[in-house]
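Peer 1: Build out the structure end to end from the sequences listed, making use of the hints.
Chains as they are written, first to last, in our numbering: chain W, 344 to 616; chain F, 344 to 616; chain S, 344 to 616.
Keep in mind that the hints were calculated from the coordinates and are not lab data.
Keep in mind that the hints are not guaranteed to be accurate.
Just so you know, same-sequence chains aren't split out, so a pair can sit in one copy or run between any two.
[To be verified] Okay, derived cross-link-like pairs now, EDC-like style, lysine to aspartate or glutamate, Cα gap no bigger than 20 Å in a straight line:
no. : residue 1 : residue 2
1   : 379       : 350
2   : 417       : 389
3   : 379       : 586
Source: prediction; values computed, not measured.
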Amino acid sequence: MFQECLEEVRKKKPLVHNITNYVTVNDCANILLACKASPIMADDVEEVEEITAICSGLNLNIGTLNQRTIQAMKLAGKKAGQLGHPILLDPVGAGASALRTRTARELLEDLKISAVRGNSSEIKTLALGTGATRGVDADISDRITEDSLEKAAAFAKAFSKKTGAVIAITGAIDIVADEEKAFCIFNGHPMMSSITGTGCQLSAMMTAYICANPDRRTEAAAAAVAAMGVCGEKAYESLTVQDGNTAYRSRIIDQVFHLTGEELEKRAKYKLL
Amino acid sequence: MFQECLEEVRKKKPLVHNITNYVTVNDCANILLACKASPIMADDVEEVEEITAICSGLNLNIGTLNQRTIQAMKLAGKKAGQLGHPILLDPVGAGASALRTRTARELLEDLKISAVRGNSSEIKTLALGTGATRGVDADISDRITEDSLEKAAAFAKAFSKKTGAVIAITGAIDIVADEEKAFCIFNGHPMMSSITGTGCQLSAMMTAYICANPDRRTEAAAAAVAAMGVCGEKAYESLTVQDGNTAYRSRIIDQVFHLTGEELEKRAKYKLL
Amino acid sequence: MFQECLEEVRKKKPLVHNITNYVTVNDCANILLACKASPIMADDVEEVEEITAICSGLNLNIGTLNQRTIQAMKLAGKKAGQLGHPILLDPVGAGASALRTRTARELLEDLKISAVRGNSSEIKTLALGTGATRGVDADISDRITEDSLEKAAAFAKAFSKKTGAVIAITGAIDIVADEEKAFCIFNGHPMMSSITGTGCQLSAMMTAYICANPDRRTEAAAAAVAAMGVCGEKAYESLTVQDGNTAYRSRIIDQVFHLTGEELEKRAKYKLL
Numbered sequence: 344m345f346q347e348c349l350e351e352v353r354k355k356k357p358l359v360h361n362i363t364n365y366v367t368v369n370d371c372a373n374i375l376l377a378c379k380a381s382p383i384m385a386d387d388v389e390e391v392e393e394i395t396a397i398c399s400g401l402n403l404n405i406g407t408l409n410q411r412t413i414q415a416m417k418l419a420g421k422k423a424g425q426l427g428h429p430i431l432l433d434p435v436g437a438g439a440s441a442l443r444t445r446t447a448r449e450l451l452e453d454l455k456i457s458a459v460r461g462n463s464s465e466i467k468t469l470a471l472g473t474g475a476t477r478g479v480d481a482d483i484s485d486r487i488t489e490d491s492l493e494k495a496a497a498f499a500k501a502f503s504k505k506t507g508a509v510i511a512i513t514g515a516i517d518i519v520a521d522e523e524k525a526f527c528i529f530n531g532h533p534m535m536s537s538i539t540g541t542g543c544q545l546s547a548m549m550t551a552y553i554c555a556n557p558d559r560r561t562e563a564a565a566a567a568v569a570a571m572g573v574c575g576e577k578a579y580e581s582l583t584v585q586d587g588n589t590a591y592r593s594r595i596i597d598q599v600f601h602l603t604g605e606e607l608e609k610r611a612k613y614k615l616l
Numbered sequence: 344m345f346q347e348c349l350e351e352v353r354k355k356k357p358l359v360h361n362i363t364n365y366v367t368v369n370d371c372a373n374i375l376l377a378c379k380a381s382p383i384m385a386d387d388v389e390e391v392e393e394i395t396a397i398c399s400g401l402n403l404n405i406g407t408l409n410q411r412t413i414q415a416m417k418l419a420g421k422k423a424g425q426l427g428h429p430i431l432l433d434p435v436g437a438g439a440s441a442l443r444t445r446t447a448r449e450l451l452e453d454l455k456i457s458a459v460r461g462n463s464s465e466i467k468t469l470a471l472g473t474g475a476t477r478g479v480d481a482d483i484s485d486r487i488t489e490d491s492l493e494k495a496a497a498f499a500k501a502f503s504k505k506t507g508a509v510i511a512i513t514g515a516i517d518i519v520a521d522e523e524k525a526f527c528i529f530n531g532h533p534m535m536s537s538i539t540g541t542g543c544q545l546s547a548m549m550t551a552y553i554c555a556n557p558d559r560r561t562e563a564a565a566a567a568v569a570a571m572g573v574c575g576e577k578a579y580e581s582l583t584v585q586d587g588n589t590a591y592r593s594r595i596i597d598q599v600f601h602l603t604g605e606e607l608e609k610r611a612k613y614k615l616l
Numbered sequence: 344m345f346q347e348c349l350e351e352v353r354k355k356k357p358l359v360h361n362i363t364n365y366v367t368v369n370d371c372a373n374i375l376l377a378c379k380a381s382p383i384m385a386d387d388v389e390e391v392e393e394i395t396a397i398c399s400g401l402n403l404n405i406g407t408l409n410q411r412t413i414q415a416m417k418l419a420g421k422k423a424g425q426l427g428h429p430i431l432l433d434p435v436g437a438g439a440s441a442l443r444t445r446t447a448r449e450l451l452e453d454l455k456i457s458a459v460r461g462n463s464s465e466i467k468t469l470a471l472g473t474g475a476t477r478g479v480d481a482d483i484s485d486r487i488t489e490d491s492l493e494k495a496a497a498f499a500k501a502f503s504k505k506t507g508a509v510i511a512i513t514g515a516i517d518i519v520a521d522e523e524k525a526f527c528i529f530n531g532h533p534m535m536s537s538i539t540g541t542g543c544q545l546s547a548m549m550t551a552y553i554c555a556n557p558d559r560r561t562e563a564a565a566a567a568v569a570a571m572g573v574c575g576e577k578a579y580e581s582l583t584v585q586d587g588n589t590a591y592r593s594r595i596i597d598q599v600f601h602l603t604g605e606e607l608e609k610r611a612k613y614k615l616l
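Peer 2: What follows is the structure in structure tokens.
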């Protein structure tokens, strides 16, 4: 099923509207192109409604939010909701400042959010107001391990039930849940945390996957998470001794460029809870 | 003649002022350095006139325009015009929103634009108000093919006559025209469309070529287009099986770094119409 | 001693708040991760005080300053000063516009700046108001050579005495001075000037080094400069004939990722004046 999700992206080539941070925006554009989707970035309040209307979905990322772009996110999100476009929220750094926490919550409450993707601290902050966000990284106390997996899956399902959104919590182990089921995904490599923006990139790609698979958005989100993890593994295997985190960054996107549905299906490691 | 155009850039090392989008800005800076020009990015209204005054030319790119940067573009453009500096306009996404279409037209009408570079949909939108822009990519109905080449060249010449600017329409086949002649350039590789910002990069590089060759700006613009295409070909030839779109992105800029005037002259494929 | 400075960064993994330009911001984030620090970028006035409070230090870079981010720099800087966090100022392009010169001076005067890193023209502008800044590059007349080294070191020491900040002037030869001593560092490679943002990257990394070594900030700043230079040398040695400035950019950060304290100590070339 992950195979079909990936193949639909390649077939439909969805155009994704991104209002995202200026740190990792280039990587987000290139990973969308790598999976055969198309990116457009636009954040002026005068145009965001029009831009989002010509797209298939909207990726909202608060990584370097400001008063101007928060307004743009709200306007674009309202329009995308009216048009029935999927909207993904990446609450970067929720918990690190009141502005981030409040903005992430307002976007989640006021818009028809289809999916939320964040690390465990960000998602806990959104759900409970108590994540221990360390800047834009998850605090170690929030991390999901084999031992806490069942509890984390139940938490994600409950948060999905409450919000109506697919909840993707990514880290060493990833959880993608709707109210009935949770994919626990074991792909990926620890070195992915040494690159800025793998989370942002995944959010952009996940938006494309959901756009192309409107009738199975949980599976599509899980497929995107597995695809990122598989590409992280394959890219790691391709590193030479001199390669460091920037080579790794490029290699991951390059693996996304080449990844086939068949390989994704074969290498994806997950269980349902 | 393309050879001389390239060599003048290496000799004069023009300083180019860029007011451009935050998606591809790093690549624009690096490609300017690769061709031995120097970049400066500055977009605050309080400083853009001063900054543009110490530069040789101005590259205006509306890829992530906003109210603040539109003002900066107008101020910088007015100053650059007074000083006789070449100004290039890259109307990214013209046709995708009213703001983009209107801004691109205002810049073209109000400033002394030396060159416009865009895809076929963007240029059609500017000239006729009727391009079928799909986000920031050209719509397939607008694409230039061997069959539509003569018509497209005539259109570009007419638009150049009307505006006084060199018109560069880039795609599978590129056209660079002034009112009397059109270079039809056949270099490049389809994979270039799988990278974000090859167009933006070309606009930055074209500005440098025009700065360094003030007495033959059409030839200089054509030389920049051919250089980008040749580097796209050479970079493609250098790819390994694992390389994808991000490796390709870096390889193209690296080829620009090494490209000699002699090799450009030898590999450029074009005809005049 | 450089060895210990590097190792402290790897051990303490300082979280660095960056208010920096949108041209090189991704490279700044990745080089911080490469040296095992963590980056956070945040520039909205409503959150910068809170964000800086959870960090260990603050990196202020005026590369694409605007009215909004200048305010954010001032607020964040005031808060960081109250908390005793080190603040680094990178006065990109000081001398190229009145706004840059004035802003850099105001930040230096109003905040408790721990270190300033710039090229010779930028630092001269800050100290004397007379640098010959060519855009964001040092003017050749300002460059430090073997002949002018003693004079430059004395100038840096005097400026450090006046400001209380460590003064880092980087170029072909680098000087890192406090009021009593100046490290003159001879590492690096000329090709580093063909990449955008090696200076910005160094400023980000230097902030992390100072955060992790609060009791020897001059040595820490010098260690960061030497580390960047050594990585520039090692990356150059690793280049293939097809590699250009973008490959070189990635290779330098990858070398930072792998650099050990032992190797830094062994390869660092400097003398004290």
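Peer 1: Next step is simple, just say for each hint if it's right about the structure.
Peer 2: Against the structure, the hints:
1. 379 - 350: Answer is within: at 10 Å inside a copy they meet the 20 Å cutoff, but 37 Å across does not.
2. 417 - 389: both (12 Å within a copy, 18 Å between copies)
3. 379 - 586: Between copies only: 15 Å across, 26 Å inside.
When held up to the earlier numbered hints, the structure conflicts with none and fits them all.
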